[in-house]
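Asker: Going by our numbering, the residue at position 72 of the sequence shown is 61; the numbering climbs one at a time, nothing skipped.
I should point out that these hints are in silico values taken from the structure, not numbers from a laboratory. Keep in mind that a hint or two might mislead.
[Unchecked claim] Here are the simulated BS3-like cross-link-like pairs (lysine-lysine), alpha carbons at most 30 Å apart as the crow flies:
1) LYS129 <-> LYS87
2) LYS360 <-> LYS179
3) LYS129 <-> LYS359
4) LYS179 <-> LYS87
5) LYS129 <-> LYS360
6) LYS359 <-> LYS179
7) LYS179 <-> LYS129
8) LYS87 <-> LYS359
9) LYS93 <-> LYS129
10) LYS360 <-> LYS87
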Amino acid sequence: MKKVRKFLLVAILSLMGLCLLLIAISVLSNQGLPQQSTVVETLSNADEVRLSETLHLRQTVGDEVWPGWGQADIPAIVYNESYAFLVGYPQPPDGWIKVPADIKRGGYWEMVSGDEVFGQPYYAQPLPDSDVTPEAFTVKVGQRWVASILTLDWAKISLMQTIRQDLPPFLRPVFPYRLFIRQLIGSSEKYISLSAHESFHAYQGILAPEKFAMAENTNIQFESQYPWNNETLAMNWQVELDLLVEVLQTADQAQTLELVRQFLELRATRRESANLSPELVAYEQQREWLEGLARYAELKVWEQAASSNYNPIPETNTLTDFNGYAQYDERWSQEVNQISRMANDQGDGRFYYSGMAQAVLLDRLMPDWKKQAFETNIWLEDLLDTAVVSSP
């Protein structure tokens, strides 16, 4: 008994010592966290490389992901805490327009002298206010749809600041911000794929502006009305999402069709059980179309880069966190595993995943589905239903 007690005491003290060591390491690491972007008034070299690689990637393999997307002329805005930068738009008109609200913001775009991105000059302007930004989505500059995203450095810093504000005061000094942010934002490849996500939103606006506006306005109007806290609805969502994971992991075509049938039946039953109004059903469908398709494009462009003979631009060798898209399988596994965790998520995050999963299944069951995907009042579940009904 004495030996057992001694062993337990040593084990407990060892664990306590390890915890204290990890806390000390985290505190020391947090003292060196950046509080502002390394470069503020212009794009950094790394920013320019990521922007150039995003454009090169989309132009090279984008049409394999979605016909026409690769060759679409889509400029980009990236912004940090103080400045917005516009790339791929010579002599742009002033400001940017928030869509679909059609609110104009910002002012004069000034050419950055002596610098280029992908062989083109780019433009900059100071942000009018820290809360007035182009946001991570899509905006219009003049009449052109433009992809918009934070710089990678500022994305990490602003996320750290948000997390810190939400934590209890006693946790703020010891929370492992670097590790947590690395898991959420990841490598340059993930940032480049996220940039592609926003570029696809711009493409949705180009091809289907009315459908785009309807989907975004529905979110503004009905997100607060959706019964996120309904426990029965969350339980039924869990069953539905778990089934999506199962079918994504199924290779057999006949079994895939059967599981998709079950998914569509479960979905109809869930909505009836929760007594969802037609407006809230439309809210689900439209968010899956808007955000689910963009998530699909984000992942598929990475998959194409990993599985084809694609060659990144040589300058990516200067990025210390760029691995040539070799980690796609790991990213895909993370995405599939995350699907089942979204049933209790507050907000429209679950629709990114449920929509993305339906798009992947449509690739398997209905190869030409993209010809109809931008048509008015055609949603992903409608196309899945068509695929199931028309199957032998």
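Asker: Work down the list of hints and note, for each, if the structure agrees.
Answerer: Hints, one by one, checked against the model:
A distance of roughly 7 Å separates the Cα atoms of LYS129 and LYS87; the hinted pair therefore holds under the 30 Å criterion. With a C-alpha separation of about 28 Å, the suggested pair LYS360 and LYS179 falls inside the 30 Å cut-off, and the hint holds. Restraint check: the Cα-Cα separation between LYS129 and LYS359 comes to about 24 Å, which is no more than 30 Å; the hinted pair holds. Straight-line distance between C-alpha atoms of LYS179 and LYS87 comes to about 25 Å, which keeps the hinted pair within the 30 Å bound.
Proximity of LYS129 to LYS360 is assessed by CA-CA distance (about 25 Å); at most 30 Å being required, the pair is judged to hold. Distance restraint check for LYS359 and LYS179: the Cα-Cα separation of roughly 25 Å lies within the 30 Å cut-off, and the hinted pair is therefore satisfied. A C-alpha spacing of about 24 Å is found between LYS179 and LYS129, which places the hinted pair at or below 30 Å, so the restraint holds. Using a Cα cut-off of 30 Å, the hinted pair LYS87 and LYS359 holds, with the two alpha carbons roughly 27 Å apart.
Between LYS93 and LYS129 the CA atoms are separated by roughly 9 Å; this keeps the pair inside 30 Å, and the hint holds. Taken as a hint, the LYS360 and LYS87 pair is honoured in the structure, with Cα atoms around 28 Å apart against an allowance of 30 Å.
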